[in-house]
Structure formats: structure tokens, C-alpha cells
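Please construct the entire structure, taking both the sequences and the accompanying hints into account.
There are 2 protein chains.
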Amino acid sequence: AGDAAAGKAKAAVCAACHGVNGVAMIPGYPNLKGQNEQYLVSALKAYKNKQRTGGMAAVMQPQASMLSDTDIANVAAYFAQMK
Amino acid sequence: AGDAAAGKAKAAVCAACHGVNGVAMIPGYPNLKGQNEQYLVSALKAYKNKQRTGGMAAVMQPQASMLSDTDIANVAAYFAQMK
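Just so you know, the sequences run in chain order B and S. Under the numbering used here, the residues of the first sequence are numbered 1 to 83, in order. Under the numbering used here, the residues of the second sequence are numbered 1 to 83, in order.
The set of hints was computed from the structure by calculation and includes no laboratory data. Wrong hints could be hidden among the right ones.
Quick look at which bits of chain S chain B covers, simulated, 3 or more residues with Cβ under 8 Å [unchecked claim]:
id : segment
1  : 3 to 11
2  : 18 to 31
3  : 50 to 63
Note that the Cβ used here is the ideal one computed from N, Cα and C, for glycine as well.
In C-alpha cells, the structure reads:
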């Protein structure tokens, strides 16, 4: 599993749309609080590998491509452990 | 917004992976309980339009393609209102 503490720093930019508490600011974006860690990794990698092109992929693809696999694991751990 | 009551019947098949209470049975699948309705509609349509090919898209594309836009709105309303 990822390192949630390291993920917190990396996730600062995510808060802009997904909320500092993991509850999305805008109804069209997903809440991330308490989401399954493995799913978050899979979703971020799908954006990174350009396997997701619908919805907000235009925003998420560049965001995900800036993250290393370690960053992805840490950010996923950070949101997954949010209560 | 969709009709959650109508969505409940349509969502029976979703429970197999996403759980009867919207908490995924398998860590690689997303929890849907309390997710944003508009996001769920956007994600289902992305699968239906084959704009998502990563992760479990092989399972989700056929599932979504069996749903009409009304079904999608209703299933999204059903999971969104789950507490």
C-alpha cells in the first residue's frame, strides 16, 4: 500500500476539485474520501495511460501523467484512509 | 435527477461487484455509496461510449451499454442517495 503521509503533500493540487476533505466541490467530480485504494490506483493509471478519454479526462490525463507510480500509490492511500 | 426507486431494480446486477450497500466487494472496484450522481452518470456514459478502456472496462463497457440514458440516471440516483 502507499504512504498516506507522503500522499497528502502530493494531493494538495487534487483538493482544488476533489475537496480538501475528499468531498468534491463540483457534482460532476467524484468524491474520493474513503474510496478503495486499489481502485484509485487503477483509475489514475487509466488516466495516465490515456485509457480514459470521457468526462473530465482532459483535466485528469495531464494531472495523472505528472505523477510517478509511487506518487499514485501514495495519493491513493491518502484519500482511501480519509474518514 | 434520476428516479432512485426505479434505479434500485436496475442496480441489482451492479451489487454483484459494487455490493448491495454500495461498498465494493473487491478492493479493485469503486465504492458507489454516496458518490456524486452527476459523476456516476458521466462515468457510466464514458463506459457506454467506450471512452474508458482501462481497468475493469472490459466488464463495465457491456454493462453500461445495456443501460438506456434513463436507466443510467436512475441507477446513479440510487447509489448517490445511499447513506
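We went through each hint and held it up to the structure:
1. 3 to 11: violated (count 0)
2. 18 to 31: holds (count 6)
3. 50 to 63: n = 7 at 8 Å, threshold three: holds.
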